[in-house]
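A.B. asks: Fit chain C to the supplied structure of chain P, relying on the hints for placement.
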Amino acid sequence: MFRLLRTATFKITLIYVVVFSGAVAALGLFIYQQTFGASARQTDQIINSEIETLAGVFAAEGPGTLRRIVRERAAWRDDGIYMLIGAPSGAVLAGNLTALPAEALTAGQGYFNFTYERPLIDAAGRESGIDIRQGRGKIRRFRAAPDAETFFLVFVARDISNFERLRDRTRRQIVQLGLATILLGLLIGLAFSQSIMLQVDAVNKTARAIRAGDLSRRIPLTGAGDELENLALNLNGMLDQIERLMNGMREVSDNIAHDLRSPLTRVRNRLTDALKADPAEKDAALRATLEDAERMIGTFNALLSIARIESGEGAGAMEAVDVVAIAEELAELYEPAAQEAGFGLALKAHPAPPVRGSRALISQAIANLLDNALKYAAGGDRIEILVGRTPKNAVRLSVADNGPGVPANDREHIFKRFVRLESSRTTTGSGLGLSLVSAVARAHGAVLAVSDGLQKGDRRGLCVSLTFPAFERR
Amino acid sequence: MRILVIEDDTEAAAFISKGLREAGHVVDHAIDGEAGLKMAGACDYDAYVVDRMLPKLDGVSVLSRRRAEGDETPALFLSALGEVDDRVAGLKAGGDDYLVKPYAFSELLARVEALGRRRAPAQVTTRYQVGDLEIDVITRTVRRAGRKIDLQPREFRLLEYLMRHAGQVVTRTMLLENVWEYHFDPQTNVIDVHISRLRSKIDKDFDRPLLKTVRGAGYTIEDAA
Chain P
5 MFRLLRTATF
15 KITLIYVVVF
25 SGAVAALGLF
35 IYQQTFGASA
45 RQTDQIINSE
55 IETLAGVFAA
65 EGPGTLRRIV
75 RERAAWRDDG
85 IYMLIGAPSG
95 AVLAGNLTAL
105 PAEALTAGQG
115 YFNFTYERPL
125 IDAAGRESGI
135 DIRQGRGKIR
145 RFRAAPDAET
155 FFLVFVARDI
165 SNFERLRDRT
175 RRQIVQLGLA
185 TILLGLLIGL
195 AFSQSIMLQV
205 DAVNKTARAI
215 RAGDLSRRIP
225 LTGAGDELEN
235 LALNLNGMLD
245 QIERLMNGMR
255 EVSDNIAHDL
265 RSPLTRVRNR
275 LTDALKADPA
285 EKDAALRATL
295 EDAERMIGTF
305 NALLSIARIE
315 SGEGAGAMEA
325 VDVVAIAEEL
335 AELYEPAAQE
345 AGFGLALKAH
355 PAPPVRGSRA
365 LISQAIANLL
375 DNALKYAAGG
385 DRIEILVGRT
395 PKNAVRLSVA
405 DNGPGVPAND
415 REHIFKRFVR
425 LESSRTTTGS
435 GLGLSLVSAV
445 ARAHGAVLAV
455 SDGLQKGDRR
465 GLCVSLTFPA
475 FERR
Chain C
2 MRILVIEDDT
12 EAAAFISKGL
22 REAGHVVDHA
32 IDGEAGLKMA
42 GACDYDAYVV
52 DRMLPKLDGV
62 SVLSRRRAEG
72 DETPALFLSA
82 LGEVDDRVAG
92 LKAGGDDYLV
102 KPYAFSELLA
112 RVEALGRRRA
122 PAQVTTRYQV
132 GDLEIDVITR
142 TVRRAGRKID
152 LQPREFRLLE
162 YLMRHAGQVV
172 TRTMLLENVW
182 EYHFDPQTNV
192 IDVHISRLRS
202 KIDKDFDRPL
212 LKTVRGAGYT
222 IEDAA
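Quick mapping for you: the protein sequence lines, in order, are chains P and C.
So for the first sequence, our numbering puts the first residue at 5; every next one is plus one.
So for the second sequence, our numbering puts the first residue at 2; every next one is plus one.
This is chain P alone, in the form it adopts within the complex (with noise of 0.2 Å):
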């Protein structure tokens, strides 16, 4: 509970309720002030002209017709209260009350609130009770000249109860209004919070499992579809790749364990025998010794370079590259080698857009797919490079050989590290060649494909083809 006062939604919500009521008491305030403000001026103004209204009267008629007049309007059924003394006696010559209140003995000339005491009438007309009833009014005295000895006193007062009572309970509800906004805003703020801190868990549960070593924890996905929400999902995505690059660690290492181990272990034997054998013999071991090492020496490089270059790193800045110029200088350099080796190597580009890529691992994958229809295409005696452009501006980058090409079942294993078909077992090479490859098309996001090579009679030749995609300014 502490936990959720604590929480930057609750905080937020916090400001807001404080904001949200300070508006409703300013709102409240104003009708209050609109609506009885103006009622009570309207009050004063009635009494103040009835009192000028009889001031008239009497200045104009006297006593006598005054008094009439209090005496009539005193019987009239409202809300009017009238008092006609006498004075100094303190005669009550005509009104509806029986005694002045006493709040008038200290209220000199101006308004005033008082309480007075009516009976309650039943509905048979009997008494039934005293009902205390506010009102207000004023004093005026009355005087025939200047100088005269006595005078009279004018009350004219208007009952307010119903108004007072009015007032009251408006100004509750608005208290009442603005405690239950504050209230209001209080729960949802806590609702929110709750609602929030929920998510948040959730995303701090899976961080904590996955750092105690849980890697293929994710974060569950609500179907919000709202900005928490896609937060989780940029998050998972960022496990992926994660998660991705970790196993692409082990597998390297797995890896390295295996390939390196079996000619580690002939080494060691091979050296322990020689300790006991001839100088001739010692020098056999050594030479034997020697390749061992050059070999693992380069599955190891191999190994590191396709790491490094799944990893992103060492890819060197990707920039617009052109695949036919690359297809060029390649084929310049493998020309030589494969008119050697038998084969007729012929580059067949058509102009093609530039691709964002990295030369030196375009050239180094073009290079191990040369060197692979070097080794493998046996029988074969042709290898073509194709560049072109797909309808869709894409660029696609095949070799292409007449050999005996790779059977339809084993084509997806080949670009596993160390698959050496059963075909190949006895040629040299790590089975790397073509893991990096597949490690430079990922790094370009493109298209790596097998099929069907150059027919050459019944063999059906083998193309590696790499399609990357159209080029994007950034």
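Just so you know, these hints were derived from the structure itself, not from any lab.
Note that CB positions come from ideal geometry on N, CA and C, so glycine has one too.
Do not rely on the hints blindly, as some may be mistaken.
One side of the interface only, derived from the structure: several residues of chain P facing chain C at Cβ under 7 Å [stated by the list, open to error]: (1) Met253; (2) Glu255; (3) Leu337; (4) Tyr338; (5) Pro340; (6) Ala341; (7) Glu344; (8) Gln368; (9) Ala371; (10) Leu378.
Simulated restraints, written as ranges between beta carbons of each label pair [said to hold, decoys possible]: (11) Phe475/P <-> Arg22/C: 51 to 61 Å; (12) Ala281/P <-> Ala24/C: 55 to 65 Å; (13) Ile301/P <-> Arg22/C: 16 to 26 Å; (14) Glu416/P <-> Arg128/C: 53 to 63 Å; (15) Lys205/C <-> Ile301/P: 33 to 43 Å; (16) Cys44/C <-> Ile301/P: 29 to 39 Å.
No more than 30 Å apart at the CA atoms, straight line, and that leaves these computed lysine-lysine pairs for DSSO-like [claimed, not checked]: (17) Lys202/C <-> Lys379/P; (18) Lys15/P <-> Lys280/P; (19) Lys102/C <-> Lys39/C; (20) Lys102/C <-> Lys286/P; (21) Lys286/P <-> Lys19/C; (22) Lys213/C <-> Lys19/C; (23) Lys379/P <-> Lys39/C; (24) Lys202/C <-> Lys352/P; (25) Lys213/C <-> Lys102/C; (26) Lys39/C <-> Lys280/P.
C.D. replies: Same frame as chain P, but now just chain C:
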């Protein structure tokens, strides 16, 4: 040549020093970056061989400090970091060449000797001559015994590189890096075939072969009298 080897791995340093001494060079060895910096300042060397990762002061810093003091001695970086970016960082710091561990000693020797040669008087040479073979870099002509030989542009660059390092061993990797500008090792004998084509053009019709294969190392062009 007098060579300073800055390498913290004593076994590797002993191996390099022994090999370089056998090739007729004078070798000093520094065990860490600070010692290397001191020794480089105290003595005039013809070449530095610097490991990139050193205790106390790393190889790149050692070299950039020497360069800041106006020391132009050519330097070869040794590194376990092999990718193009690392290579570029090393060369930017003032290195002249870059060799990735593990390497064959013949490769190291060939590269160090090529560096030492670079230091020779920096007059701009446009003509090279080995025996009766001469090339002119400006006119791009090759003559042997006065007879003009036609070469493809790449063959010319290959020959030019060999001629510039006449008398030195040039490895296949050096050729691939300097003539073709690739930094990977092909699995097949691509360079050898280019060499044999070149050889058929410049040596075939003459009594004395100039372009020679050095077993287990590379090639050299020289007029061995």
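A.B. asks: Would you mind marking each hint as holding or not holding in the structure?
C.D. replies: Going down the list of hints, with the structure as the test:
The beta carbon of Met253/P is not positioned within 7 Å of any beta carbon in chain C (closest approach about 17 Å), and the interface hint is therefore violated. About 20 Å separates the beta-carbon of Glu255/P from the nearest beta-carbon of chain C, more than 7 Å, and the hint is not met. The beta carbon of Leu337/P is positioned within 7 Å of a beta carbon in chain C (closest approach about 6 Å), and the interface hint is therefore held. Restraint check, Tyr338/P versus chain C: the minimum CB separation of about 6 Å is within 7 Å; hint holds.
Hint status for Pro340/P relative to chain C: holds, with the closest Cβ pair at about 4 Å, below 7 Å. For Ala341/P, the interface hint holds, since its Cβ comes within 7 Å of a Cβ in chain C; the closest pair sits about 4 Å apart. With a cut of 7 Å, the hint placing Glu344/P at the interface with chain C holds, because the nearest CB-to-CB distance is about 5 Å. Because the smallest distance between the Cβ of Gln368/P and any Cβ of chain C comes to about 5 Å, under 7 Å, the interface hint for this residue holds.
The interface hint given for Ala371/P holds, since its Cβ lies 5 Å from the closest Cβ of chain C, which is under the 7 Å cut-off. For Leu378/P, the shortest C-beta to C-beta distance to chain C is roughly 5 Å, which falls under 7 Å, so the interface hint holds. For Phe475/P paired with Arg22/C, a C-beta distance near 54 Å keeps the hint of 51 to 61 Å intact. Checked against the hint of 55 to 65 Å, the C-beta distance between Ala281/P and Ala24/C comes to roughly 31 Å, which is inconsistent with it.
A beta carbon spacing of about 25 Å between Ile301/P and Arg22/C agrees with the range 16 to 26 Å that was offered as a hint. Look at Glu416/P against Arg128/C: about 57 Å separates their beta carbons, and that is inside 53 to 63 Å. The hinted window of 33 to 43 Å between Lys205/C and Ile301/P holds, with their beta carbons roughly 35 Å apart. With their beta carbons about 34 Å apart, Cys44/C and Ile301/P fall inside the hinted range of 29 to 39 Å.
The suggested pairing of Lys202/C with Lys379/P holds, with an alpha-carbon distance near 28 Å, which does not exceed 30 Å. Proximity of Lys15/P to Lys280/P is assessed by CA-CA distance (about 81 Å); at most 30 Å being required, the pair is judged violated. At roughly 25 Å between alpha-carbon atoms, Lys102/C and Lys39/C fall within 30 Å of each other, so this suggested pair holds. Proposed proximity of Lys102/C and Lys286/P is supported: the alpha carbons are some 27 Å apart, at most 30 Å.
Restraint check for Lys286/P and Lys19/C: satisfied, since their Cα atoms lie roughly 22 Å apart, inside the 30 Å limit. With a C-alpha separation of about 25 Å, the suggested pairing of Lys213/C with Lys19/C holds against the 30 Å cut-off. Taking the CA atoms of Lys379/P and Lys39/C, the gap is about 52 Å. The hint is violated against a cut of 30 Å. Of the pairs offered as hints, the one joining Lys202/C and Lys352/P holds, with about 28 Å between alpha carbons and a cut-off of 30 Å not exceeded.
A threshold of 30 Å between alpha carbons decides the hint, and for Lys213/C with Lys102/C the separation of about 27 Å falls inside it, so the pair holds. Restraint check for Lys39/C and Lys280/P: not satisfied, since their Cα atoms lie roughly 47 Å apart, outside the 30 Å limit.
The structure is inconsistent with the numbered hints 1, 2, 12, 18, 23 and 26, although it conforms to all the rest.
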